[in-house]
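2 protein chains.
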Amino acid sequence: MQGTGSDRSIFFNAHHSPVGAFASFTLGFPGAKGGMGLELGGPANEDVYIGCEDGKQEGLLLAFPFFGKGSEDEAVRYDVEAAAPQDGATVLKSFAHESITREFACCRDTWQSGDLRLSIISPVKSIPDPEGAGEEALRAALVPAVMAELTLDNTSGKRPRKLFFGYRGSDRYSAMRRIDDTTGGRLRGIGQGRQTAMVTDDSSAWSGLAFTLDKVVCPEIPENLVFGLAGVGAVVAEAAPGEKKTLRVALCFYRDGIATSGWDTTYYYTRLFSNIESVAEYALTHFDDALSQADAFDAELREAQLSDDRHFMLAHAIRSYYGSTELLCRDEQPLWVVNEGEYRMMNTFDLTADHLFFEMKMNPWVVRNVMELFVERYSYQDKVRFPGDATEYPGGISFTHDMGMANVFSRPHYSAYELFRLDGCFSHMTHEQLVNWVCCSATYALVGGDQEWSRKQADVFAGCLESLLNRDNPDPAKRDGIMALDSSRTMGGAEITTYDSLDASLGQARNNLYLAVKTWAAYVCLEKIFADLQDEQRAAVAAEQAQRAAATITAQADTDGMLPAILNEGNHSRIIPAIEGLVFPYLCGLHDAVADSGQYAALIKTLQRHLETVLKPGICLFDSGGWKISSTSRNSWLSKIYLSQFVAEAVLGGKDAALSDKADSDHVAWLLDPENAYFAWSDQMVDGKARGSKYYPRGVTAILWTR
Amino acid sequence: MQGTGSDRSIFFNAHHSPVGAFASFTLGFPGAKGGMGLELGGPANEDVYIGCEDGKQEGLLLAFPFFGKGSEDEAVRYDVEAAAPQDGATVLKSFAHESITREFACCRDTWQSGDLRLSIISPVKSIPDPEGAGEEALRAALVPAVMAELTLDNTSGKRPRKLFFGYRGSDRYSAMRRIDDTTGGRLRGIGQGRQTAMVTDDSSAWSGLAFTLDKVVCPEIPENLVFGLAGVGAVVAEAAPGEKKTLRVALCFYRDGIATSGWDTTYYYTRLFSNIESVAEYALTHFDDALSQADAFDAELREAQLSDDRHFMLAHAIRSYYGSTELLCRDEQPLWVVNEGEYRMMNTFDLTADHLFFEMKMNPWVVRNVMELFVERYSYQDKVRFPGDATEYPGGISFTHDMGMANVFSRPHYSAYELFRLDGCFSHMTHEQLVNWVCCSATYALVGGDQEWSRKQADVFAGCLESLLNRDNPDPAKRDGIMALDSSRTMGGAEITTYDSLDASLGQARNNLYLAVKTWAAYVCLEKIFADLQDEQRAAVAAEQAQRAAATITAQADTDGMLPAILNEGNHSRIIPAIEGLVFPYLCGLHDAVADSGQYAALIKTLQRHLETVLKPGICLFDSGGWKISSTSRNSWLSKIYLSQFVAEAVLGGKDAALSDKADSDHVAWLLDPENAYFAWSDQMVDGKARGSKYYPRGVTAILWTR
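Just so you know, the protein sequences line up as chains W and G, in that order.
To convert a position in the first sequence, counted from 1, into the working numbering, add 6.
To convert a position in the second sequence, counted from 1, into the working numbering, add 6.
Same shape as in the complex, but just chain W (with noise of 0.2 Å):
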């Protein structure tokens, strides 16, 4: 995939991430904006050296433009008194930005310019589930590590040139170090404390540090390069005249040790790999290996066929969603993690509904793992309150927004993000989140056949059950099948919806038409599971809240077939996510249920004509062609804008398709939009420009794109 269109810009960042390591080496945009970043909300924003020396001037040396102008000579600092400058025979320049092309995929992304190629590999592949894998499999899936080649075309040259790899660390504890030491000299490599590290098995080639890049690559007398009060390193080889070169980089990532507070766990990697050193001798013994993932992966992909500008989101989504990944491990059992981007919240379970139908691809185990984790320790049980009226009803099950921030897991039962008395951003989404848990487990279940899980959940899917009748209304006569009553836990507060951000159109949790098509979504499937665990009796009861919330919301559309945001309170705001639940009973292969000629056949009609006429400048499209969620708010998410297109057009059939790459190229724009290229994938964008959900890990809902 050459660019993404002649007039957008190629100097975006992207994750390069191993899997579950919660780490990325970020690179795209130009300064000392990406690096080797562990466990953070945002790029690590190191000088990133990745270069050769060039072909004509001696003495010159080229590098993608991934460095700050602050690469000053640090001898100052040790020397007060010293001349600072040294003689300068050796300069570090940019490659002029128009000489480089990038050909971006979502496991390779490639550099060049002249002679020089750098292309670095992050394969996607499937975790294998640990209960019963063996050790070798897991280490393939799970090592630490991205992998980089740097090709220098030195056919045609006259002398030898050399090709770095390197990087000034920002990690404030550690210095940066050979790891050579550690290795017995076997591999070569430099990197940062016991963290980061930048390794080769190139006998061929040696590693350095220095305070300036030049001093490693052109060392004038070698023995310095193991000055350890340097802060760049680098790896560094030569091609010799007439050869093409190409050296083998590991970028490796290791934290060793308990890894959070609140609940003690570790990475799971830890189990495999004693340490960065062995983690990089891994990497490299496998590097074909890795390569090959990589390619198949990268293959698969464009077998789906999408148009450029999807191919493109996709491979940026899947990317921004590996660096948020993180495989714990707690009583020698794994416990899976997606941090929140920029936020690093925990298993946001708003987000882990969206990353479902990634990880139903890749890793069933993972949802299944979370699920457990929601249920055993942070779900909880509340009563229930009507607005405005202090009585409360019986609620029951529901579970928390997340499991914590930053690897601090938050105590159990409890989220970070909830507060109390609130009915904006920060305050509960208890309904929300126990249909987010009947959505994600029955999907799990249904799609994943494993109908011994269904079982051993039957409790808890029974407790949903009757949690989400409680919510409709006490009085079982009055039921109309969506949420009226707010929990307990909001203390006379209102509940909101994963749309924190957004105004009451998709905000707010009570009557909204979002939750209430996702809450039909969720007694739909419910039906289906309790019919396979022959519980006739619930089966029977969720089908009838399932045609009472149809009914309900059908019963909304205008004179212009359009559904009000808020049901019975005279809202006026149009929203795309009416359509969102939809994908749970398609996924879940019920189809009679989403057909436009199905026992909900006016409900889905009543979508249909609703997505057709919100589809419009003025109410739900930008006037640059982009999908704008609500037609009350200038903020549109693109996870949920993926999400609601492959609804829109496999589910209710409907895709006008220069419409929709006018949607796509918008979107794309976005994304690539100089403001906002550095945070990689974000999801919030208000007017286009990224507001919120920057580094963000939601993306991945693309992926229903290649179904």
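One thing to keep in mind: the hints can contain errors.
Label pairs and their calculated CB-CB ranges [stated by the list, open to error]:
#	chain 1	residue 1	chain 2	residue 2	range
1	W	Glu226	G	Asp337	38 to 46 Å
2	W	Gly191	G	Lys484	40 to 48 Å
3	W	Gly191	G	Pro228	56 to 64 Å
A short list of chain G residues far from chain W (calculated; beta carbon distances all over 12 Å) [claimed, not checked]:
#	residue
4	Ser176
5	Gly595
6	Ala663
Keep in mind the hints are simulated off the structure, nothing from the lab.
These figures come from a predicted structure and were not determined experimentally.
C-beta: ideal position from N, C-alpha, C; glycine also.
With chain W fixed as given, assemble chain G onto it according to the hints.
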């Protein structure tokens, strides 16, 4: 000690550190310029919030001025459409600077403004030798915590007033959290990740997290104090009307797991405390013990009856030293490291030789520990060469400049610092470190009375003697007692001294007057060591070499009685550290050697006269009265001044009280200069401005003043 002179600012950063934890609660410079620093080469630059509700104006929080302007509400990052302004009922302001007083001693730092008083208590105490010490004694010595008492005198108050103690952690990797959750509610506190925490066991207090401090201190809803996304944490208590309330807080540090690379070690305290919660529990349970220890050491320092200026500098220097100390553990054995301030080099040997005086008083066993480490892992054998001549002659044993940097151990037998083929900064210090090993080991053995250890190290002492001889002249007949050959490790370059950033007057090793006198001292000490070992032959050789060195030096005095900084090379620089080496024979009780009527009377008288003559404006005094260690450099080093002051006064018997007070006053002014005060105690002062060796441990040479 009330201030340090009425026109001097009290707003200087000082370390408040446990021993051996490489940790510092640095505080005192206005702004977000201090905080909970772990393993850092400078202040943590965090907002620190210590204050109380104003007695008059409701909703006004007053705090000591240790937070930055950027105390904005982070909520806007999450809720991008929300209007930023909150109701603003509660406002945080700094106390007026002029309302604040500070009482600064070594172990207690007390701040007062109006009716609020803050004492930070960091006891200085001996660490029992872990070999043979009980666990409880080690816990008491090594608990990685600093204590604080915050007292609000509300005796005349009419309404309850809150007092608070908190911070906004600056660790990149982990979130802020409540400690209550992980101590079963027994303790109340907040912290960041597993590394830092502020904790109380006051059952009337509470802890909380919020985006801004006011919401922790005056929460609308106490339930919201748990907010896991928040960056600001604090412990809060209330003083009832009529009450004088004291809140006790333990400021805790913890780094678990393997803490170093290059060579795997852990912090010794991790054997004694399982996590930061157990540190807090211990510190709070033993709070009174810490106060007693602190007050006992402060009383001891007062008994030395130093001038206010000297008392201040000593107290300040000990604090900076403590923050740099690090007791590690490898193979169940202790491993003592002092980190080199802003540079964080580990056990820089030329600093070890200056820290010696403090550790001989506090923990002689750490001197032994470090000397053994230098022998076992950081010694080497070299050859030697005359300048400009490639012929190699036998050299011998010496020791590396350091053992690594910022928790990265350098490879065996090599330092992080020393480079090759240089003759300035970053060259080798082979001769100086050889002399340092002899002087430190002899002092440990002779002053500590550890004859058994001398016997164990007899071969090393013998090797050192031979190595010294070989560096004088390969031809015994031509030896003059001082260094004439450079190590082959310089690869044809030249050795330097610890004064690496000064000109040749102090920077060049060969023929250097400072090093010559120190070499003489090494021979004098070796004579005694060998005599005690009944090795008469080596004792005689050492004595002969001492005589030669003395004669060589004495012969170089010019008609004014001044010695050149570089012997035999026509150099005209004048240096104070000529006298530095006398400290070792003096401390070792070899009083005859340093008496002006003893066997080295000629040398001692020459040095007396040299010092008298150079200690004049235009030579080795700044116009402002401060000492200028070299006549040809404006870079003067406080640690070395303190040491030379001691030698001048105690050994050479020369002290003009008025001149001395003027010098001390100037030295204090350097430290308190607003440009320098951020760095706590700093060493290298260029015209009184800290230009290198900032945030530095070396000033503990001042402990000599208390003898």
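Results for each hint:
{"no.": "1", "hint": "W:Glu226 - G:Asp337: 38 to 46 Å", "in the structure": "39 Å, holds"}
{"no.": "2", "hint": "W:Gly191 - G:Lys484: 40 to 48 Å", "in the structure": "42 Å, holds"}
{"no.": "3", "hint": "W:Gly191 - G:Pro228: 56 to 64 Å", "in the structure": "60 Å, holds"}
{"no.": "4", "hint": "Ser176", "in the structure": "8 Å, violated"}
{"no.": "5", "hint": "Gly595", "in the structure": "37 Å, holds"}
{"no.": "6", "hint": "Ala663", "in the structure": "32 Å, holds"}
In summary, the one numbered hint that this structure violates is 4.
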